[in-house]
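There are 2 protein chains.
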Amino acid sequence: MKEIITGEKTVYDGKILSLKLYDVLAKGIPAKREIVRKGGAVAIVPVTGDGRIVMVRQFRLAADEELLEIPAGLMDPGEEPLESAKRELREETGFTAEKWTHITEFYPSAGFTDEYIHIFMAENLTPGETDFDETEDLVTEIYSLDDLINMICSGEIHDGKTVCGISLAKVLR
Amino acid sequence: MKEIITGEKTVYDGKILSLKLYDVLAKGIPAKREIVRKGGAVAIVPVTGDGRIVMVRQFRLAADEELLEIPAGLMDPGEEPLESAKRELREETGFTAEKWTHITEFYPSAGFTDEYIHIFMAENLTPGETDFDETEDLVTEIYSLDDLINMICSGEIHDGKTVCGISLAKVLR
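Chains as they are written, first to last, in the numbering used here: chain A, 889 to 1061; chain B, 889 to 1061.
Be a bit skeptical, because a hint or two may be false.
You can't tell identical chains apart in this list, so a pair holds if it fits in one copy or across any two.
Stated by the list, open to error - Here are the computed lysine-lysine pairs in the DSSO-like style, where the Cα-Cα straight-line distance is at most 27 Å:
| id | residue 1 | residue 2 |
| --- | --- | --- |
| 1 | 903 | 987 |
| 2 | 903 | 974 |
| 3 | 974 | 920 |
| 4 | 1058 | 903 |
| 5 | 903 | 890 |
| 6 | 920 | 1058 |
| 7 | 915 | 890 |
| 8 | 897 | 915 |
| 9 | 903 | 915 |
| 10 | 987 | 920 |
| 11 | 1058 | 890 |
| 12 | 890 | 920 |
| 13 | 908 | 920 |
| 14 | 908 | 890 |
| 15 | 974 | 915 |
| 16 | 1058 | 897 |
| 17 | 915 | 987 |
Hints listed in this document are in silico derivations from the structure and should not be mistaken for laboratory results.
Go ahead and model the full structure; you've got the sequences and the hints to work with.
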């Protein structure tokens, strides 16, 4: 079933992504594939002592709107996923967590990008200071899991990793 | 919280995506944003009469492996999401469905792309003939919802829209 690469070209090599064009043979037939190469990412479902979830609201240029999301971020070079997740949770929300569980990992959009994201559940939280990047602007909000499921079904939440993390957390808890 | 665009450039304009570079002011500070512009997509959770789910297995060049996914595809120009979903389910699996429910919609990776995907549940299925694109190579497989949840948690399934669709289907059923 594998496609055979017969040619490749780098169209763009940037800060967070690069764009590659491939000539392939798919079922023996020549075809073109446009692929965005990216590093890894992490996201966290932070659960408070009373079972509620810590979310962040931020502006996303790609969507041209503010999205309500679980805390997340890009892995730094050389970082392990859990290490990135601990860093991002602290930077974006101030919380640290005693108990960490890897709940799933996936390609957000395997049709065109190799971006790969690991999702963790974080429990036994302790509040602390946030540490945003200078151009980051995030607001922390806390919701019950059932309210978040309703917001996923109504379309009020429409961020993919958040739909994954919250839905799976509801299944697992 | 909104970022102000002060400049933009199209780096690449291709078949399924284009790549744009933006100069923005984020919290008043100049920054660069790399954004992939894409059309819409659909995915379907097809539920059989005995509550099992129809899946497809296919090679994904971006992941360099075969992935087990819910049926999905890109929307054609001018198509409504439900129309695309009906077409993709029939083309990829041969099934048509009497009952369609929109269960969620989201940006798979809002940090860098405006790709947007609608997920439907399809019930009361009738089998029929598949109609692949000439370079598509898909195998249909049918699993119980609980087996799929286990495969999501073990990492055997690691396709984002599939994690979303299956986890949410488990919550809703």
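### Query
Looking at the structure, which of the earlier hints fail to hold?
1, 4, 6, 10, 11, 16, 17
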